[in-house]
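Number of protein chains: 2
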Amino acid sequence: MSEIDVTLYFKEKAKEIEQALDTYLSQMEMYPEVIYESMRYSLFAGGKRLRPILAIAVAETLGVSAMSAMPFACALEMIHTYSLIHDDLPCMDDDDYRRGKLTNHKVFGDGIAVLAGDALLTYAFELMAQSVPAGLEGIGLQMIRELGQAAGVHGMIGGQVADIINEGKTANERSLAFIHAHKTGALLTASVRMGAILAKADAHTLAALTIYAKNIGLAFQIVDDILDVVGEEEKLGKTVGADANLEKMTYPSLYGIEQSRQMVYQLTTDAIGQLQQIDCDTSLLQAIAVYLVARDH
Amino acid sequence: MSEIDVTLYFKEKAKEIEQALDTYLSQMEMYPEVIYESMRYSLFAGGKRLRPILAIAVAETLGVSAMSAMPFACALEMIHTYSLIHDDLPCMDDDDYRRGKLTNHKVFGDGIAVLAGDALLTYAFELMAQSVPAGLEGIGLQMIRELGQAAGVHGMIGGQVADIINEGKTANERSLAFIHAHKTGALLTASVRMGAILAKADAHTLAALTIYAKNIGLAFQIVDDILDVVGEEEKLGKTVGADANLEKMTYPSLYGIEQSRQMVYQLTTDAIGQLQQIDCDTSLLQAIAVYLVARDH
Numbered sequence: 006m007s008e009i010d011v012t013l014y015f016k017e018k019a020k021e022i023e024q025a026l027d028t029y030l031s032q033m034e035m036y037p038e039v040i041y042e043s044m045r046y047s048l049f050a051g052g053k054r055l056r057p058i059l060a061i062a063v064a065e066t067l068g069v070s071a072m073s074a075m076p077f078a079c080a081l082e083m084i085h086t087y088s089l090i091h092d093d094l095p096c097m098d099d100d101d102y103r104r105g106k107l108t109n110h111k112v113f114g115d116g117i118a119v120l121a122g123d124a125l126l127t128y129a130f131e132l133m134a135q136s137v138p139a140g141l142e143g144i145g146l147q148m149i150r151e152l153g154q155a156a157g158v159h160g161m162i163g164g165q166v167a168d169i170i171n172e173g174k175t176a177n178e179r180s181l182a183f184i185h186a187h188k189t190g191a192l193l194t195a196s197v198r199m200g201a202i203l204a205k206a207d208a209h210t211l212a213a214l215t216i217y218a219k220n221i222g223l224a225f226q227i228v229d230d231i232l233d234v235v236g237e238e239e240k241l242g243k244t245v246g247a248d249a250n251l252e253k254m255t256y257p258s259l260y261g262i263e264q265s266r267q268m269v270y271q272l273t274t275d276a277i278g279q280l281q282q283i284d285c286d287t288s289l290l291q292a293i294a295v296y297l298v299a300r301d302h
Numbered sequence: 006m007s008e009i010d011v012t013l014y015f016k017e018k019a020k021e022i023e024q025a026l027d028t029y030l031s032q033m034e035m036y037p038e039v040i041y042e043s044m045r046y047s048l049f050a051g052g053k054r055l056r057p058i059l060a061i062a063v064a065e066t067l068g069v070s071a072m073s074a075m076p077f078a079c080a081l082e083m084i085h086t087y088s089l090i091h092d093d094l095p096c097m098d099d100d101d102y103r104r105g106k107l108t109n110h111k112v113f114g115d116g117i118a119v120l121a122g123d124a125l126l127t128y129a130f131e132l133m134a135q136s137v138p139a140g141l142e143g144i145g146l147q148m149i150r151e152l153g154q155a156a157g158v159h160g161m162i163g164g165q166v167a168d169i170i171n172e173g174k175t176a177n178e179r180s181l182a183f184i185h186a187h188k189t190g191a192l193l194t195a196s197v198r199m200g201a202i203l204a205k206a207d208a209h210t211l212a213a214l215t216i217y218a219k220n221i222g223l224a225f226q227i228v229d230d231i232l233d234v235v236g237e238e239e240k241l242g243k244t245v246g247a248d249a250n251l252e253k254m255t256y257p258s259l260y261g262i263e264q265s266r267q268m269v270y271q272l273t274t275d276a277i278g279q280l281q282q283i284d285c286d287t288s289l290l291q292a293i294a295v296y297l298v299a300r301d302h
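Residue numbers (the working numbering), protein chains in the order written: chain R, 6 to 302; chain B, 6 to 302.
One chain only, chain R, in its complex shape (with noise of 0.2 Å):
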């Protein structure tokens, strides 16, 4: 599979997860309106889709469509969505725009902010549990538990806090590897292992994806870390270098840019070598690890 056929998949995944997102949407009660306009806000302010995509494409990989993948995918966005508006909050990391637009807590206020992330966390296992086909009740159990661990302390606000109490502290590799791991690594191992798990792989063929997708996650926050330092801000919309501003530790501060995009294309290499272990055609996972590295926005 070629890059420009990614870049389609992405594309025309994208639009089906932002429908799908909007169906789930529409189907809520829309009282008290404030709290639905805020959450929708957030939600379809752009963004990659790139944890949807993932789960959807292990899913596909393994004969599961796109459509039984849905819910599933769309709970996995919500939880990332969630995560951006607590961290913009002005008790976190205090960020007025995201992707060129205003954050939500600039629009709604921070206690509509607090509530909508809260709203979506919630829905996306409200979503997950209704969503569950007959005679998948196991496996849905296990979707939840997986994206629960993966969201939780032992995940993604695991990094979040570890990244609130070394602001201002000195890099080094131990905390930066652990940050990266759970604040972002953590959900992308788990849209790819939801994939994995709702096409029922076995052991062995978890394991490499497993090792596929953290391979993947952090090369990824290391493209971004770099592209933080060397990006244009109007491609990103955000300040650049808003993070070294605040003194967070990252990849380039720690070991420069050059070591930087070597560990990147040692990651991407090893993840691709870990498809060899499944049986069946992994070219568009393949594509995927290289087209996450190769962006410039």
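Simulated from the structure, these hints should not be mistaken for lab results.
Check the hints yourself; a few may be wrong.
Identical copies look the same in the list; a pair holds intra-copy or inter-copy alike.
As the list claims (entries may be wrong) - Pairs of lysine to any residue, SDA-like flavour, derived with a Cα cap of 20 Å:
1. LYS205 / GLY143
2. LYS205 / TYR29
3. LYS205 / GLU142
4. LYS53 / LEU141
The hints should help you fit chain B onto chain R, whose structure is shown.
Chain B in isolation, oriented as in the chain R frame:
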């Protein structure tokens, strides 16, 4: 079952619930420590443990052991605790004290308080998903869905949003009923229903218990409002009339104390009437209905 027995039942069950909460929290990794300290601080800051006790009491009434109901009961308490942490934030009710102790954000800071709430909410669903016994997977998903609905925009969060947007406005019957039914009522109703769902209650029993729950939930809240007006500061551990200061709507401010008391009596009587429809010994649930409104704190 006499009132003294209910007092003892609440005391014993609260102890069992606190032991279980401690065990569940102890199973977690302990880095970064501050987030666990923050979660524990609010989980063990006192409280009646009303929601988990209701779930257990209904389960026991219908023949399911407290031990079987415990993880789902504890999930309810985690959701309740997260909602208190977020409600107390400066961008919401801005409370410095709860039950006579400093609120979470006054001890750990606003950022960690937001994350501790997020973590408890997330862990509630993870705990449920990992605690479903083999053969009860469908029941497990039903309980997760029930809790998601009750805690989300159609329940607790919707009520909190309505409370925020009605602040400072003149009280009216419709918005007051909406806020009470959603902000507090939804989770209390889910507590009762989850106990019944776990016990595989038939539709008729579930319907009767749902009305029972809605009635005692509203009666409980009106009693809270009455105590807030007539209560003593030291008994409640918060400023008497705190809600009135924020010009929040309450039953006493809309209907007066005497009519509010009359409503409590009627709701409790109707709740007990519903229990007659259930084909087993419901004396514990009858006694709980009375116990909840006869309290002075």
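Now for the hints, and whether the structure bears them out:
For a Cα distance limit of 20 Å, the shortest separation of LYS205 from GLY143 qualifies both inside one copy, at 11 Å, and across copies, at 18 Å. With identical chains, the CA atoms of LYS205 and TYR29 are never at most 20 Å apart, being 25 Å at best within one copy and 29 Å at best between copies. For the identical chains of this complex, LYS205 and GLU142 are neighbours both inside a copy (12 Å) and across copies (16 Å), given an alpha-carbon limit of 20 Å. In this assembly of identical chains, LYS53 and LEU141 lie within 20 Å of each other by CA distance neither inside one copy nor across copies; the values are 29 Å within and 37 Å between.
Checked against the numbered hints given earlier, the structure breaks hints 2, 4 and satisfies all the rest.
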